[in-house]
Each structure stands twice: as C-alpha cells, then as structure tokens.
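Please work from the sequences and hints to get the whole structure.
Single-letter residue listing:
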Amino acid sequence: MSILVLAEHDNNELNPATLNAVAAAAQIGGDIHILVAGSGCGGVADAAAKVAGVSKVLSADSAEYANGIAENMIPLIMSVIDGYSHLLAPATTYGKNILPGVAALKDVAQISDIIRVDDADTFQRPIYAGNALATVKSGEALKVITVRTTSFEAVAADGGSAAVEAVGATGDAGKTTFGKSELSSSDRPELTSAKIVISGGRGMQDGSNFAMLEKVADKLGAAVGASRAAVDAGFVPNDYQVGQTGKVVAPDLYVAVGISGAIQHLAGMKDSKVIVAINKDEEAPIFQVADYGLVDDLFSAVPQLEGEL
Amino acid sequence: MKILVPVKRVIDYNVKVRVKADQTGVELANVKMAMNPFDEIAVEQAIRLKEAGTATEIVAVSIGPDQSQETIRTALAMGADRGIHVPASHDTEPLAVAKILKALVEKEAPGLVILGKQAIDDDSNQTGQMLSALLGWPQATFASGVEIAGDALNVIREVDGGLEHISSKLPAVITVDLRLNEPRYASLPNIMKAKKKPLDQVSLDDLGVDASQRLTVVKVEEPPAREAGITVASVSELVDKLKNEAKVI
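For the record, the sequence lines run as chains A and B. So the first sequence is numbered by the numbering used here: it starts at 1 and just counts up by one. So the second sequence is numbered by the numbering used here: it starts at 1001 and just counts up by one.
You may find that some hints are simply not true.
The list that follows gives simulated cross-link-like pairs (lysine-lysine, DSS-like), each with its CA atoms no further than 25 Å apart [stated by the list, open to error]:
{"id": "1", "chain 1": "B", "residue 1": "K1241", "chain 2": "A", "residue 2": "K215"}
{"id": "2", "chain 1": "B", "residue 1": "K1169", "chain 2": "A", "residue 2": "K175"}
{"id": "3", "chain 1": "A", "residue 1": "K215", "chain 2": "B", "residue 2": "K1016"}
{"id": "4", "chain 1": "B", "residue 1": "K1241", "chain 2": "A", "residue 2": "K175"}
{"id": "5", "chain 1": "A", "residue 1": "K195", "chain 2": "B", "residue 2": "K1241"}
{"id": "6", "chain 1": "B", "residue 1": "K1241", "chain 2": "A", "residue 2": "K273"}
{"id": "7", "chain 1": "A", "residue 1": "K273", "chain 2": "B", "residue 2": "K1243"}
{"id": "8", "chain 1": "A", "residue 1": "K273", "chain 2": "B", "residue 2": "K1016"}
Don't read these hints as lab results, they were simulated from the structure. For clarity, every value in this text was computed on a predicted model and none was experimentally measured.
Right, dumping it as structure tokens:
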C-alpha cells in the first residue's frame, strides 16, 4: 500500500495539521508520500521531507498552486494519484475544499473526518454532530479520506529524510481567480492546536467584552474561541467558531464562558480533556458536559479568574 | 438565469438523535424532520438573487424517500418556483447525489447550483465539490458573501484562517456557509400557494444514475459519555481544582 498525503501550507510553512494526517496514514500503514503543491514552496517541501515516517515528497511548485484553488489542485492530484491506495488530507477548510473533487473524478466514495483507523479499509467517523459514531468500510480501489486532526497525535516534524521529487505542473484551469485573504492575525496559539482554549458565547453581550477572555488567555497561553451565536452576533470573526460546522478542538482545558451549550457547539469541543463552564444559568446544557461548573455572572467571575491566575 | 437548489430532508437540528439498539443507524421513526439548515440558506440566497432580478427561476431538488417532497414544499413556500423529487434511499451517498445532480443540470441547464456546505446528518461536506468536479464548473465553497454581475461571480469564503475572496464565471457551483444570510420563514399564504406549485418526479432510471452504496456501514454507536462533573462554589475553588486536581494549569 502507498498513501499520498496532501500537505496544507501557506507556501512558507507546513501547516501542523499535515502532521496529524500523516499520523493517520502511519496507522493505515504503508509507504507515505506527501504532495506539496504551491508557489515558491521549496522550503515547505524540505520541511515535509523531514517529517517522521515519510519516504517521498512530491513537489509541484508553480504559480497556479499558490492559493490552493481546488480547480487547479484537482488535476495535479489526478496526474499523480495512480498507484496509490489512499489519499489523505486534514479535514480543514483546505482539505475539505479539494479532496471531494478528486474522489468524484476517480469515481470513488470519500470518507470524511475520520477519528479512528481500524484497518486499511475501515474507519470511524462522527455523524450527527458527533452524537453517533459510524464505522464504515470501503471497498474502493482508492480510499479518499479527510482526517480530523484532533483525533490523531501529530507525528514528529523531524527525523525523516525523504527524497524530494519535482512533479510537472498541470497549468491554470482558468476557472477561479484568487482575490485576497483577510486572515486574522494573533500572537496567541492557533485554536485547533492550543493546549488551552477559552471561548465566549452569546452571554458575552458585546465583542468588546471578549477583551476579558483575551486577558485570561494571555495568562494561560490559551487560544480564544467562540460559539456560533457569538460569531453570528458579530462579536468576533468567523475563524473563532468552535462547533459542528466550525472548528473542532480537543485541548487539555476548554473554558466555556457564557455559552449555553447547543448540540452544535458541543460537537466541536466535547473531546476536550477538561471542560469548565461559567454561566449564570444553572440549567444551561453546557453544565452536562462540564467537569467543573461555576454558576456565576461571567462579568464578575472572569475578571476574578484573571486575578487569581 | 435558472438556479438549481438541492434540499435534503434531515433530522431537525434541535432533536437529540438516538442510536438504534441494533447499531445499524440512528432512529428516524417518529422523529421530527426538517430541511437541512444549510440548504435553507441556499434557498434563501437563490430567492434573493431572483428578487434582485439576477435569477428568473428557482428549481428545488430533493433526493430521498417520498417524504422528501415535504422538504421541496418548504422550499416552494419560501419562494422556489418548482420542484423535482428523485426517489431514492435516505442513505444515498454524496457521490451518487452529485451524479444525480449532474444529470439534472444537464437536463435543466441552470446557470448556478447553490447547495448547503454540508448536511447535518452525515456531516460529509462533499456533494457540492463533487458536483463541480463532475461538471467541470468552478466551485465556490463555504460562501459567506455572493455577488453576481453578468456572468462574473465574486464570492467571499469562510476559511480556517479567516476570509478569502475569489472570482469566477458562471455557470458555477456555490456551497453556502452559515453567515451568508438569514433564511426567511414561509408565510401561511405562501405555504398554501406552494401546494399548487409544480413538483415533478424523475427516477434514477430516467437519469441513468447508479446510486448504489459504495461504503458499508459496519456499525453505528453512541459516543463515549463524559463522566458527570461537579459544581464549584467560587472562582477560587475553580482555580484550585484546575491546579491541584485536574492539573491543567
């Protein structure tokens, strides 16, 4: 068996989510290759070559891959995929955008968001916002899989010494033009890989009140997240959203502040090791999943928490 | 321009699903069903494009058992013009759905297909991307902003790092994210009117699509339950527990 893992990167750095996808590949077993497609991405290919357990890096360095436009990426993957038994990518917006098109053109089913590898054909994945776990078996010649990053511990970013092989570019499909990114910049850890996450919900009442959470986050080295309600209300940008359709996080400590705990939010955080809920409504469903619940007004509790840390 | 909007009948998002005792799936009998919330956003977007004069006709499609017609009626009550029901198993996989939609696109020749980015039952997030690849059309996934001028399509996408702006040309496939719009409720008069709007059935045979299952569901089980936690009386107690009991700070 040989497995191709699609690397996620920004042409400068390998996104750590790739290391979680490689971890899933290692559990499947077989030769692991990484495809790095980008523009001016030689450094990323070199970094991918050092990833533990990887035997080859395919590097496609050409302008049309600069922004991960799916219509350009799919023909590239199609041009190298023959002979592989599995194609994996992290279940991020990057992987989710690109992989299904490859599955469709190869006429195979895709298995999204796996959380467990049973064997090379059988995988577990959450359905219904994680309220049920389905074990599915694929008889397809090519298994196309996206990997829930929080379910697989990242492999080491170094220790490997794979050969880097250049692959021919497939050209610009001319279907979609990239305009610009508006990326949130923050000195805090990235939400999906942070050890501690503190999230605010509708109870925060206003975006400016998130400053309270940021102060706590800075003391703990935590990332700041939010519920859908807080994002919809415009308190914080979309990339803060934790939940079924936002980001899935599984930190050592998750602190939910002013979050009621809708099923859709729980889907994104209930695999956290320790969950703390601070909410003045003692009936809030978030308390049913919390290890430590504090029924209190967040506007007094959060500043006090910051003071005591 | 005609817009095709696929709508899926799923368990209502407020319902806590129960896994069947025999572990073959989740309990669907006597459970409240509704249109997939992302599909409501897709329907709303199509209606707004029609109200803006960009679209002329909205065709709502549902693939599934007979009750899927109720979901089409909901789309018609919101403002879609007509419906197409393709009878099929509730568990039709995304690849088969994409093939069915491709066949319908070839029949109906829409300028745009707008889909929800994922269905909240199987959470696959595949169908729109698969359809776009099969059609060879541009794809604009996870849209939170859509602007159409002539055949130019500008979309703002929600990505993990923030937002992304892309441009392409119609015909195209759009999958919508939560913040694109807030779907309207159907008014009672519109629900009544929707009953008279045309709803056709097209069979898998008519479309020449093999929708057989590719994946075998070995079993469906409940996730492990979290152990019950405790209520702390004060912030000081909380900090103490986190430091000395849970040892996470």
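Problem - Hinted pair K273 (chain A) and K1243 (chain B), Cα distance within 25 Å - result: 14 Å, holds
Problem - Distance restraint between K1241 (chain B) and K215 (chain A), which requires alpha-carbon spacing of 25 Å or less - result: Cα-Cα ~20 Å, so holds.
Handout entry: Given pair status - K1016 (chain B), K273 (chain A), alpha carbons within 25 Å
Key = Measuring from Cα to Cα gives roughly 23 Å; hence the hint holds.
Handout entry: Proposed proximity, K175 (chain A) with K1241 (chain B) (alpha carbon, max 25 Å)
Key = Roughly 55 Å separates the two Cα atoms, so the pair is violated.
Handout entry: Hint consistency between K1241 (chain B) and K273 (chain A) [alpha-carbon to alpha-carbon, up to 25 Å]
Key = 14 Å, holds
Practice task
Mind checking the alpha carbons of K1169 (chain B) and K175 (chain A) for me, to see if they're no more than 25 Å apart?
Solution key: Holds - the C-alpha atoms of K175 (chain A) and K1169 (chain B) are around 7 Å apart, at most 25 Å.
Problem - Restraint status (C-alpha distance of K195 (chain A) to K1241 (chain B) at most 25 Å) - result: 17 Å, holds
Problem - 25 Å limit on alpha-carbon distance, applied to hinted pair K215 (chain A) and K1016 (chain B) - result: 35 Å, violated
Against the hints set out earlier in the document, violations occur for numbers 3 and 4.
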